[in-house]
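Chain A is already provided as a structure; the job is to place chains B, C, D and E with the ligands on it using the hints.
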Amino acid sequence: MDTAANFLTIKDVSTAFKINGQFYDAISHVNLQVHHDEILAIVGESGCGKSTLATTIMGLHDAAETKITGEIDFEGTDLLQLDEDGYNQYRGDKIGMIFQDPLSALNPLKRIEDQISEVMDYHTDLSKDAKHARVLELLDQVGIVNPQRTARQFPHELSGGMRQRVIIAIAIACKPDLIIADEPTTALDVTIQAQILDVLRDIQKENHAGIILITHDLGVVAETADRVAVMYAGQIVELGSAEQVFNTPEHPYTRSLLRSMPQRENENDDLYVIKGNVPSLQKMPSQGDRFAPRIPWVPASAHEEHPSMHEVAPGHEVRCTCYKNFQFPDQQGGVTA
Amino acid sequence: MAENFEQHSDVSAADLARLTQEAQAEATPSTAKIIWSEFKADKPAMAALIIIVGFIVFVMIGALFINTPKMMETNIMAYFNQPFTSDFWLGADSGGRSVAKQLIVGSRNSIGIAIGLTAISSTFGICWGLISGYFNGYIDWGMQRIYDFMMMLPMTMMIIVLVTIIPHYNSVTLTLIFSIFYWEGTSRLIRSRTLAESEKDYVAASRTSGTNHWKIIFREIMPNISSLIIVDCTLSFAENIGVETGLSYLGFGLPSQTPSLGTMIANANDPNNITQYWWTWLPAALEIIILCLSISYVGQVLRRSADASQRQGSIN
Amino acid sequence: ACSSKSSSSSENGTTASLKLSPTFNNKKATNASATKNSTLKLAEPNDSPFQGISDQVLSTNQEDADVFAPGGGGSLFNVDKNYKIIDGGLANQRINRKAKTVTITLQKDAKWSNGSKVTAKDIEYPYEVIANKNTTSQQYSADFNTIKGMAAYHTGKAKTISGITFPDGEKGRTAVIHLTKVTPAMKYSGNSFIWGTVEPYEYIKNVPIAKLASSKQVRKNPIFTGAYKLDKVVEGESTTWSPNKYYYGKTPQIKHISINVVSSNNIDKAIQSGKYDFTVPGSVLHGTDYKELKNVKNYKITGQPALSYDYFGFNVGHYDTKTQKNVMDKNSKMANKSLRQAMMYALNLDAVSKKFGNGITWRANTLIPPIFSKYYDSSAKGYPLNIKKADKLLTDAGYKKRNGSKWRSDPSGKKLTIYFGAMTGTSAQAAEYQDYLQQWHKVGLNVQFTGGKTMEMNSFYSTLQKPKQSSIDVYAAAWGVSSEPTPTQLYGEDATYNMGHFVSKKNTQLMNEMNSDKAWNDTYRTKAFKQWQKYMNEQAAVAPGSFSYNWVPVNTRVKGFDMGPANNSFWSNLSLTSSSLK
Amino acid sequence: MWKTILRRFLIMIPEVIILSILVFLLAKAMPGDPFTGSINPKADPAQIKHLMRINGLYDPWYQQYWNWVVHLFHGNLGNSYQYQEPVTRLIAGRAGNTLWLALFTMILTYAFALPMGVYAGRHEGKLPDTIIRVYTYVTYCIPFFVILVLGIWIFGYVFGWFPTTGSISSDASSWLSTIGSRFYHILLPGLLGALFGTVNIVQYLRSEVIDAKHSDYVRTARSKGVPNKDIYRHHIFRNSLLPIAAFAGYSITGLLNGSIFTETVFSYPGMGLLFVNSISYRDYTVITALVLIYGILNLIGTLLSDIILSIVDPRIRIQ
Amino acid sequence: MSLVEIKDLKVHYPIRSGFWNRVTDSVKAVDGITFNIEAGETYGLVGESGSGKSTTGKSVVGLEKVTSGSIMYDGKDITERANRRKLDYNRDVQMIFQDSLSSLNPRKRIEDIIAEPLRNFEHLSKEDEKLRVLQLLDIVGLDADALYKYPHQFSGGQRQRIGVARAVATNPKLIIADEPVSALDLSVQAQVLNFMKKIQRQFGISYLFISHDLGVVRHMCNNIAIMNRGRLIEIGTREDIYNHPLHIYTKRLLAAIPETNVNQRAAHRASRLAVEKIYDEQQSKYYDENSEAYPLVQVSPTHSVALPEEIAHQLANQEGEVQA
Ligand SMILES: Nc1ncnc2c1ncn2[C@@H]1O[C@H](COP(=O)(O)OP(=O)(O)OP(=O)(O)O)[C@@H](O)[C@H]1O
Ligand SMILES: Nc1ncnc2c1ncn2[C@@H]1O[C@H](COP(=O)(O)OP(=O)(O)OP(=O)(O)O)[C@@H](O)[C@H]1O
Ligand SMILES: [Mg+2]
Ligand SMILES: [Mg+2]
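Residue numbers (my numbering), protein chains in the order written: chain A, 1 to 337; chain B, 338 to 653; chain C, 654 to 1235; chain D, 1236 to 1554; chain E, 1555 to 1878.
The hints are simulated quantities; they were obtained by calculation from the structure and are not laboratory data.
Each residue gets a CB set at the ideal place from its N, CA and C atoms; glycine is no exception.
Don't take every hint at face value.
[Said to hold, decoys possible] Heads up, simulated DSS-like pairs for lysine-lysine below, C-alpha to C-alpha not over 27 Å straight-line:
id, chain 1, residue 1, chain 2, residue 2
1, B, Lys370, E, Lys1703
2, E, Lys1752, B, Lys552
3, C, Lys947, C, Lys672
[Claimed, not checked] Label-pair ranges, simulated between beta-carbon atoms:
id, chain 1, residue 1, chain 2, residue 2, range
4, D, Val1305, C, Asn984, 48 to 56 Å
5, D, Tyr1297, C, Asn984, 35 to 43 Å
6, C, Gly809, D, Tyr1297, 25 to 33 Å
[Unchecked claim] Some residues of chain A that are not near chain D, with every Cβ distance over 10 Å (derived):
id, residue
7, Lys67
8, His132
9, Ile170
Bound-form chain A, shown alone (with noise of 0.2 Å):
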C-alpha cells in the first residue's frame, strides 16, 4: 500500500482499564494502520475492545482512570502526548466520531442547528451566516429531506435515523480526514442501516476520508469495507482486505465467526457455536492464545506462547500460528477433544 496515504499510524497501543485499583488492559499492543480513501472495519464480538480503541484514538478517556501506552501517529503528531487543549484541535477538526446511540448522544435541549454549528465554532472562523449555510449543506449532504426545518428542531422531535444522519453532519462538519464510527447503525432497521453506510460511503468519497467502522455485524463489513480488523479480546486477530478475510479466513475465530451466521447454506441446520466465553478484563490470559479455551480441540503445541502477527498474504495478517492447521470438529473426522 501507499505508504503517503497512511495517516494513521497506531503503535502497539495499550488501554487499562483500573478496576479494584489495579489496571486491566482492554485492549493490549494494537497495531493499525488508517489511510485515506478506505473504511477500515473493526468487527468482534461485545466486549473485545473496540469502543476502546475508538475512544482511546479520540483521547477520551479519564488519564486517572485509565493508562495508555503506546503511539498513535496521526499526520505526523503523536496524539498521545498531547495535552487537553492540544487534542481539541484535532477533535472535531481532523477526527471526527459519531456514536451508536444517536438519542444520547445529542444534548436533549439544545437545536441541531446549534449542536451542528458548535463544532465550527472551534474550529473555523466562520461567519454567522456561513455556518448556517453549512449546517444546512451538511443536513442536506447526509440525506436529510428538510434540513431548514431540521436545524430548528430538538433530537426527540427526530426518528433514530435522523438523529443517526445528525452525528454524521456533526462529525463531518469540518471535513476531518479520520472518521470514527462506533457502531453506527446497531440500533437502527435495516432499510435505514443501508442507508446509512451509503452516506458513509459517500463522504469518505467526497472528503477523501479515512473511516474507522467499528461492528459486529459481519454483513455490514462485507458490504462496506475495504480492509477489516477482526478483533478478540483485546486483541487485533486478523487484519486483511474485506476480500482476503471474508474470503479466505485464516483464525479460527473469525471462521467461527463466519461460520455462527444463520445463511442461506446452513438454512435447516444448526449453527455454529463457539465454546465458552469472552473472558473478562480481570481473567485474561497473561500468555498464550487468548482464543485457546474456546477450541480446545486444537492441541496446546498448536499455539504460540507469545502470539504475533504472521503475514499470510500482502497485507493479511494472523496472530498465532494456530490457524494453520485449525479445523473445526466436525470437519476433523472424529478429532473432538
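Leaving out everything else, chains B, C, D and E with the ligands in the frame of chain A:
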C-alpha cells in the same frame, strides 16, 4: 406432563438433594450479607451504626428505669441547676428537673414518634406509590387527584389547626397527625420508580406467568425498589426525630409533661436560655445532630451497597 | 420539692421583698442638642403585631393602648395617686348627688392635634359608639344602663342618648350626664359608669360606627389630645410621634418618640444591647426578664405594684341562665370551706414567687392589689404555707385517709379526686403548676390536672364559662383590674365572670356597701373594702395567689421619668440628657 | 399552552372548594371562639354574646359557610375579630411582607445553592465536595427554628449587625430609606432561610452534574473538540440546571411553611406570624383565609413548576 | 384447526388533546391483521421498527388491551380476560422477551424465576417443583448451581436461556418470541437459536417469532408475515417471501439485508438502489390513497399480498414467468 420433562432431562428425583447442595455451595450472598460486609469494610459507618443502635437500645432501656411523672415534678430548689454536679449531670431546667433524665425519656419519646411516624407514613406512602404507579387508568387518576389535594394543603398550618382541635393530644395522636401529611414525599418517589419499573419486561413476564397484580406489586416490583425504600426510610427516620421540635417552638408541641427532644430544644426559644442555660437545650440539639448525621451516614452505606449490587448487574 | 420547711412569710400579710420606685430621679443636666434632635426609643414587648386601633373605645388590648400612649389616649381627667379624679386635666368633673348628674367641663384651650377644638359632643360621642347597635366595641356593660336613655339607645329604640345634654350646645364645653343613681365609684377614674375619654366627633362623624375600627381615621391618621401627635404608624410594628403644638398642658420636650413592638422573647436582649430607652409603662415584663435586666448597665429599674393579681378559684356552684344569677351548690366538691382553706395553706406560694418571680412577684394576701394603697388590706394574712394546719383542717372536716389509701377521701368516705385547671404558658408557669400539685399531694389530696395537662387558654376559659361544669374544681388564673377597684363585676351575684360561682348574702351586702350612699365618705368606703377582703380571705372561695410589680427598665439618659398614677403629665415631663442611648 | 394552564386552573376549583369546606369545619372545631380571648373585666359578657350573635357565630356551620361563600364572591373574606378590620385588607397588608421575604430568600437560596451544587458535582469526591456535603447534612438535621434563633442571637444581638424585629424601622421616611430599611430587615431572615433551604437544591444539583458529566452528549461534545470549561458552560450547567429551575415553584411550599417560623422568630409581620397569632385568638376568618391562600399559593407553585419546566425543557410540551 | 386464530386484530392507542383532553385521534399500532398460527410451526413476523410487531405479540399473549378483533384459542376468544383466566391461557402461551436482563427480575433467584409459572399454574409440591426447575435448567444447558444465583451473574446468552426455561416450564403450546436474539452477539445468537429449535423439536412448541433481522427469520421460520404500519403486507412460506416477494416493501426489506459475499458487493448494492428507486417512485401503486396497505389477496395457497387484486395476480404471474 412431568414425563415430558423427564424424557428430555437426565435429572431425576434421585439427584435432587445432591444438586440442591451443589447449588447452595454456589449461592450468591443475600443483600443483607452484602450490606453487612459493606459495613464491616467501612469503619466510620460501623461506628455510626453502633452509635444509632446503641443509643436507641440505651434510651429504650434507660427510660424504663425512670419514673416519668416523678421526673417531671418541679423541684424549686434545683431551678436551673448547673450541669456536671453529682445530682444533675446535665443540670436542671426551669422546673428544677434533671436534663439528663429528660434527655433519656425525651429521646425515647422522640425516637418513638420517629419510628411510629416513619412506619406509618412510609408504609402508607410506599403502598400508595406502588399501587398508583403500577395501575394506570382510573385508579391512578383518582389517587393522583387525592395526592394533588394533599400537596396543596399547607402542612404546618394544618398540623397546627389539628393540634389545637384534638382535645387530649399526646405523642400517639401527634404521630397520627403527622402521618397524615408525611407520606407524600415517599409516595411520589416510589410512584415514579414504580412507573419505570412497571415498564420493564420482568413485570410483563410475571403477568404472562399468571401472577396476580398484588403479588406482582409487592413481591416483584417492591423488592426491586427496596434500596430506594431503605434509603428513603432511613432519611425520613432521621428527619422525623426532629419533626415535633418546630411545633414545640411555636407552642403547639407535646404537652410539657411529655418531654421530647422537641420540647427540650424549644427551650432555645428564649435567647436567655441560649446563652445562660445552654444545658437545657444544647444536649438535645447535639443529640439530634449526631443521630441524624449517623443515620444519614448509614443511609449512604445502604445506598452504596444497593448501587453496588446494581453495578454488578452490568458486569457479565 | 423539699421547701415545706422554709416558711418565709412574715406574720403580718406579705410585702414585696424588693422595693421599686415608680420614679427615676435623674439629676443629669439635659443636653441641649439632645432635646432638639434626638428620638426617645420605646419598646412594647408583645408577641404579636399590635392591632392598630388607636381608639380606647374600640380597642380592648394593652398593646394598642401602649403604642398610642403618647397621644394621651383622649383621657379626660387627671387623677391623684389613688386614681381619684382631680381637676386640671382635659376636663373637670362635678358630681351632683341630688340631681343625680355628672357635669363634665372641658379646659378652655382643649384642642385636638389637628387644631380643632374639643367639644361637648366629643365627650358624648364615646357613649354613642359604645352603645350603638352595630358597634364592634366590647365595652358596653349593664352599668351604663344607669345613664338615662342609654338602654333605649342601645337596643335601637332611641336615636340619641337622652340622658346626655349640652347646656351650651354641642360645640360648647360642657356635657351633663343624667343618671338614675350616682355612686362613690364615679369619683374614681376607670369606673364603669362614666366613660373617661373623648372621641373626635367632627373628625369621624362620617364613618359608620360599625366601620369605625377599620377606618383610616382610627388606624392611619388618628388625632389626639395629648402631648404628642402621631407622625406615622407602621402597621403592627411601630408608631412615631412629635410634639403636639396644640396641647393644652405642659410643653413636651422631646423631638421624636418611636415605639416599636418587640417580641417578648427578644426583649431582654434588646434592652441589654441598649436599643431602647424603656418599655412602655403598662406593658408586661416578667420575673424572668427581671433577672436578666436588673443589673444591666445604664439602666435603672423602676416599678409600682401592678393593676392585677393572680388568684385561685374554686368551683362551688353554677350559673343559672334563667335568672341570670350565680348559684352556690351545697353539695359541690369544693363546697367545704375547710377543704378550700387547707388547699391554700398547703401551697408554698412564697417559695414559688421567690424562685420564679425573682422579687418581681410575691405572695398575695388579699384580692385588692397594693397599688390601691388606700383600700389594700396590708394586714391580711392570706395563705402562707402551713402544712400542719392544712392537715388538721382536713382531718377535722372529715377528709381522712381511709383503708390505707395514700389519698384522703371525702367526709362521706367517697374517693376524692380534685381537678386543677391551669393555662398553658411559659415553662416557668408549668413548673409552678406542677409544684402546686405536688404540694397538694403532700397533704394527701389527690389533685390532678384537668385532662392530665395544662389547658390551652381558649379551652380553659370556654370550660370555665360554661354555666355548669364539673371538669375544673380549682383553677389558677389572673385578673387585670381597672383603676376603680370595685369587685362586683368579678364576684357579684349576677357577674358572669364569677366563674367559681361563689355567692353569699354577706358577700353581696359587703360589695353593695362599697358603693352605697354612705360610701361617699372615704373612710367608710375604705372600711367596706377592707371588710370585704377579710370576708373573702376567710371564705377562700377565691383566694389570692400573687401580686407583682409593673416594672420598667429606664435608660439613664432619660430624665423626668415617673410612672406613678399621679403624674398626669408623664409624656411632657420626659426629657433626654444625651442624644444617643447609653 | 395557555389552554392547559386554564384547564389546570379549572381543575384547581374543586380542590379549592373542598379545602375551603375542610378548613372552615376545622376552624370551627377548635375549642373556644374569637371572643373568649378578650376576657377581662372591661368587657361585659353580655356584650360579647351580643357580638357573637351579630357575627353569626351561633348559626349552624353550613349557614355560616354559605354566608362566607356568598361574601367571598363579593371579594369579602369577612372581618378579623382580632384586628377588627376586613380580612382582605389585613392580609393584603401582611402578604407583601411574606412574599418579599420569600422571594428574597428564594433568590439567595439559589445564589448559594447553584455554585455550591455545581462545584460539588464538578469536583466530586474532593475535599470541597465533602465539606459541602457535610454542610448539607448538618443543615438537614438541625430544625429550622434553631438556625433562626441562633442566627438572630449571634448576628442580631451579639454583633448587632441586623435589625431583630419588624419589617421596617420606624424612622425610615423617604422613599429610598423606606426601601433600604425594608431590605435591611429581610436580610438576616433571608440569609438564614437560604442557609437552610439550599440543602435539597445542592444535593440534587450535585447529582445532576455528576450524571451530566458522564452522559453521552458530553462525550459527543468532547469529541467535537469543545474545551472543558465550555463543556461545563454550554452543556453540563445548562442541562443540570433545568430540573432545578422547576424546583422554584415547589420551593414556594417550603418557603411558606418556613415563613411561619421565620416571622415568629423575627417578629416580622407577615402572613405566617398572623396565622400563629390568629390561632390562639381563634380568629376564624383569618385562619380560614390564610390556609386557603397558602393552599392556592401551593397550587400555583406546582403549576409554575410545570410551566417553567415545559418552557425550559423542549422535551416536555404541554399541549 | 389452527392453534391460534387471529382475526382482524386492532390495537389503537388514544391520543388526547384539546381543551378537555379528550381522545381526538389514535396511534394505530395494529390495524386489522388476520393470520393463523399452526401447531408445531414457527411463524415469523417481520417489519420495520414501529410497525406493530411487539404490539401484536403482546396482544396474543394477553398483555395488551385489544381495541377490536378476536384471538381464538381453544374455541374461546382470549382477548377477554375472563376467558384467559378460565383457560389458564398463559400456561399454554408464553413469551420470551428481547432484553434478557430486564425480563428477569434482578432481585429474584433463578429458582424462583423459573418456578414462577409453575407456582401459578401447576401447584407442585416443594420437591417436585425443585426437581422440575432442575430439569428445566438441565434442558437449557445450565448447571444446577445456577439455582441460587441472580440474573446479573449470567451472560446474555445464558440469561436468554433462563428466559426460555421459564417460558417452557409449563410445557406451553405457543411461545411468543419478541426479538429474542437481537441484543445478542453472533456466537450467542447462534447458541440461543439452536436451542430454540431444539426444544421445539422436543416439545412440539409453536413460535411466533418476531424480528427485524431477515437472516434470522429465514433461519427460524417456515411461515413469515411482513408487517408495515400496523398491517400485514405479505404472508407466505419462507420460499414465497425470500424467493418470490411480490410487494415492493418486502422487496425493499430483502434488498437491505447486508450480503456477506464480498465479491458481489457492487451488484448487490446496485440492485438495492434499484429497488429503493422503485419504492420511492411507485409508492402509490402499492398503497392506497391514504398510503395504507391494501387488504390481503391470495395469490397462491400459501402466499398472500396486500395489493389490489389484478396487480397482485399480474405480479404473481410475472414472478412465475421469471422463474420459468
Ligand atoms: N471505563 C471502563 N472501566 C472499566 N472497564 C471498562 C471500561 N470501559 C470498558 N471496559 C471494559 O473493557 C472491555 C472492552 O470494552 P469495549 O466497550 O471497548 O467493548 P466493545 O468491543 O466496544 O463492546 P460492545 O460491542 O459491547 O460495544 C469490556 O470488558 C468492558 O467491560
Ligand atoms: N403504550 C403505547 N402508547 C402509544 N403508542 C404506542 C404504545 N406502545 C406502542 N405504541 C406505538 O405503536 C406502534 C407500534 O409499536 P410496536 O412496539 O408494536 O412496534 P414494533 O414493531 O415492535 O417496533 P420495534 O421493532 O421497534 O420493537 C409504534 O408506533 C409505537 O410508537
Ligand atoms: Mg462498543
Ligand atoms: Mg418491538
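Each hint tested on the structure:
{"no.": "1", "hint": "B/Lys370 with E/Lys1703", "verdict": "14 Å, holds"}
{"no.": "2", "hint": "E/Lys1752 with B/Lys552", "verdict": "33 Å, violated"}
{"no.": "3", "hint": "C/Lys947 with C/Lys672", "verdict": "13 Å, holds"}
{"no.": "4", "hint": "D/Val1305 with C/Asn984: 48 to 56 Å", "verdict": "50 Å, holds"}
{"no.": "5", "hint": "D/Tyr1297 with C/Asn984: 35 to 43 Å", "verdict": "41 Å, holds"}
{"no.": "6", "hint": "C/Gly809 with D/Tyr1297: 25 to 33 Å", "verdict": "29 Å, holds"}
{"no.": "7", "hint": "Lys67", "verdict": "19 Å, holds"}
{"no.": "8", "hint": "His132", "verdict": "18 Å, holds"}
{"no.": "9", "hint": "Ile170", "verdict": "7 Å, violated"}
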